[in-house]
Structures are given as C-alpha cells and as structure tokens.
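Protein sequence lines correspond, in order, to chains L and R.
Take the first sequence: its position 176, counting from 1, is numbered 177 in the working numbering, and each next residue is one higher.
Take the second sequence: its position 24, counting from 1, is numbered 318 in the working numbering, and each next residue is one higher.
Don't take every hint at face value.
[Said to hold, decoys possible] To give an idea of the chain L side of the interface with chain R (calculated C-beta under 10 Å), a few residues: (1) His15; (2) Asp17; (3) Tyr46; (4) Leu47; (5) Phe127; (6) Leu132; (7) Val138; (8) Val142; (9) Ala184; (10) Gly190.
[Said to hold, decoys possible] Computed footprint of chain R on chain L, listed as stretches where at least three residues anywhere in the stretch have a Cβ under 8 Å from a Cβ of chain R: (11) 60 to 68; (12) 94 to 108; (13) 112 to 118; (14) 144 to 156.
If you are wondering where the hints come from, they were derived from the structure by calculation, not from laboratory data.
Virtual Cβ for every residue (Gly too), placed ideally from N, Cα, C.
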Amino acid sequence: MAVAASLPAEHAAHPDPVRLKRIGLWLFFFSESILFGLFLSARFYLEGIEAEHLDQALGLGITIILLLSSVTAYTAETAIEHDRRGIAVLGLVLTILLGLVFAAGVGVEWSTAEFSRHEAFGTVFFSMTGLHASHVVSGIVLLVLALIQLLRGRFSSKDHWPISGVVMYWHFVDVVWVFYYPALYLVQGV
Amino acid sequence: MGIFRIGWLVAVGLAILTVVEYIFAAEVADATARFLGLAASAGLKAGLIMWFFMHLPRVWRGEEVH
C-alpha cells in the first residue's frame with residue numbers, strides 16, 4: 002500500500018515490477034540483517050572485545066578479496082546494463098573465482114584455529130564465519146546459475162533483473178563481512 | 295570504460311578504509327576509541343557499498359539510474 006501510494010498516479014495501478022522486486026529484496030536483506038546482527042551481538046555479549054589469536058594476514062587478505070569480488074560483481078551488472086556481454090561474463094566469472102578463494106580462506110582459518118568450538122570465542126567465531134560462509138556459498142551457486150543463463154543468451158540492457166538481484170545479494174554478503182571482519186579480527190587490537 | 299568509473303572509485307575508497315582500519319586497530323591502544331573508530335569505518339564502508347553498489351537510491355527513484 003505504501004509503495005503504491007508513493008508512485009505517480011498513472012503508475013499506481015501498475016507499479017514497476019523490477020522496482021517491487023528490488024524493494025522485496027531489500028526487505029529480505031533487512032530480515033537477514035537481524036539474524037547477522039544477533040550473532041554480532043552475541044560475540045560482544047560473550048567475549049566483550051577480547052579475542053583469541055587469529056591469522057591477521059589471512060583475515061586482511063580474504064577481506065580484500067571479498068571487497069574486490071564486489072567490484073567485479075558491480076562491473077558485471079553495469080556491463081549487462083549497457084549490453085556489454087563479454088565484460089559481464091568476465092565479471093561474473095571473476096566474482097565466482099574470488100568467492101571460492103574467500104571460502105577457501107575461511108576453510109584455512111578454520112583448520113588452523115588455535116581454539117575449539119567449545120570455548121566462548123570459538124563458538125562465536127565458528128558460528129559467525131560459518132553463517133557468513135554459507136551465504137557466500139549460496140551466493141556462488143546463484144552467480145553460477147546467472148552465468149549459465151547469460152552464456153545461453155539471456156539478459157540484455159532491458160531485461161537483467163536476475164543478474165542485478167544476484168549481484169545485490171553478493172554485495173549484501175560483502176556488507177555483512179564489513180562488520181564481521183573488525184568484530185572478529187581487529188577490535189581487540191592487532 | 296567510463297561506465298565503470300564510479301565503481302572503481304568506490305573500490306579505491308573501500309580499499310583505503312580497510313587499510314586505515316587495520317592500521318587504526320594496530321596503533322590505537324584505548325579500547326573504547328578503537329571500538330568506536332572501527333564501528334564508524336565499518337558503517338562508512340557499508341554505506342558506500344549499499345549506496346553505490348546495491349543502488350539503494352533506485353528503491354525510491356526507480357530504475358532510470360544507470
């Protein structure tokens with residue numbers, strides 16, 4: 002009702018479907034933010050700003066990789082908006098590869114962690130990074146599906162919402178890590 | 295390649311903020327100042343991503359923005 006009310010009168014009866022999808026996706030992000038926020042709150046409730054030893058170089062490295070993947074995802078979306086299919090394919094492929102590197106980096110961090118899941122910090126660390134990594138993996142799956150459709154000739158400057166939606170989801174995963182990285186790696190001091 | 299310029303500028307900004315927050319965490323001894331500084335940096339980075347990469351303004355402006 003509020004959306005329809007905010008649209009010009011001639012569009013109120015038939016609101017832009019892409020805009021409605023965009024609003025729906027933002028509502029999904031809002032609900033996901035509550036989930037991620039609760040885990041973030043639990044981290045500070047259980048441990049204050051204290052933390053166990055983590056590999057700072059690895060943490061900074063995977064953070065830069067994830068930020069870089071957001072740029073390649075942005076490039077892919079912008080390219081398809083301008084019918085630059087080759088660059089769009091390249092952008093999606095690079096995003097998928099960078100996502101895989103990030104997931105592998107989290108796996109290395111898990112396998113080399115000097116604390117167990119039975120400790121308070123271990124509980125929050127494995128829960129937060131596990132929840133986030135599950136979203137990274139689902140994002141990679143969605144990116145692969147979008148890439149397959151793009152390679153099959155779907156999508157153009159006038160019809161590319163699936164790519165925009167997947168790329169927005171990927172950026173959301175990046176936004177979550179923007180808060181999780183300092184909360185897990187930096188707030189106790191480097 | 296001008297259509298990608300804003301994205302690359304934002305990327306440079308995000309990279310600078312990431313390095314700054316790492317140095318900040320290493321250099322600032324006061325826990326409260328460190329927490330607040332890192333929270334501010336994270337908020338700024340999230341804002342940049344949501345505004346420029348996730349096209350937040352398109353929610354109320356519509357899809358004409360490219």
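Structure-based check of each hint:
| no. | hint | in the structure |
| --- | --- | --- |
| 1 | His15 | violated (13 Å) |
| 2 | Asp17 | holds (6 Å) |
| 3 | Tyr46 | violated (14 Å) |
| 4 | Leu47 | violated (16 Å) |
| 5 | Phe127 | violated (21 Å) |
| 6 | Leu132 | violated (17 Å) |
| 7 | Val138 | violated (20 Å) |
| 8 | Val142 | violated (20 Å) |
| 9 | Ala184 | holds (8 Å) |
| 10 | Gly190 | holds (6 Å) |
| 11 | 60 to 68 | holds (count 4) |
| 12 | 94 to 108 | violated (count 0) |
| 13 | 112 to 118 | violated (count 0) |
| 14 | 144 to 156 | violated (count 0) |
In terms of the numbered hints stated before, the structure departs from hints 1, 3, 4, 5, 6, 7, 8, 12, 13, 14, listed from lowest to highest.
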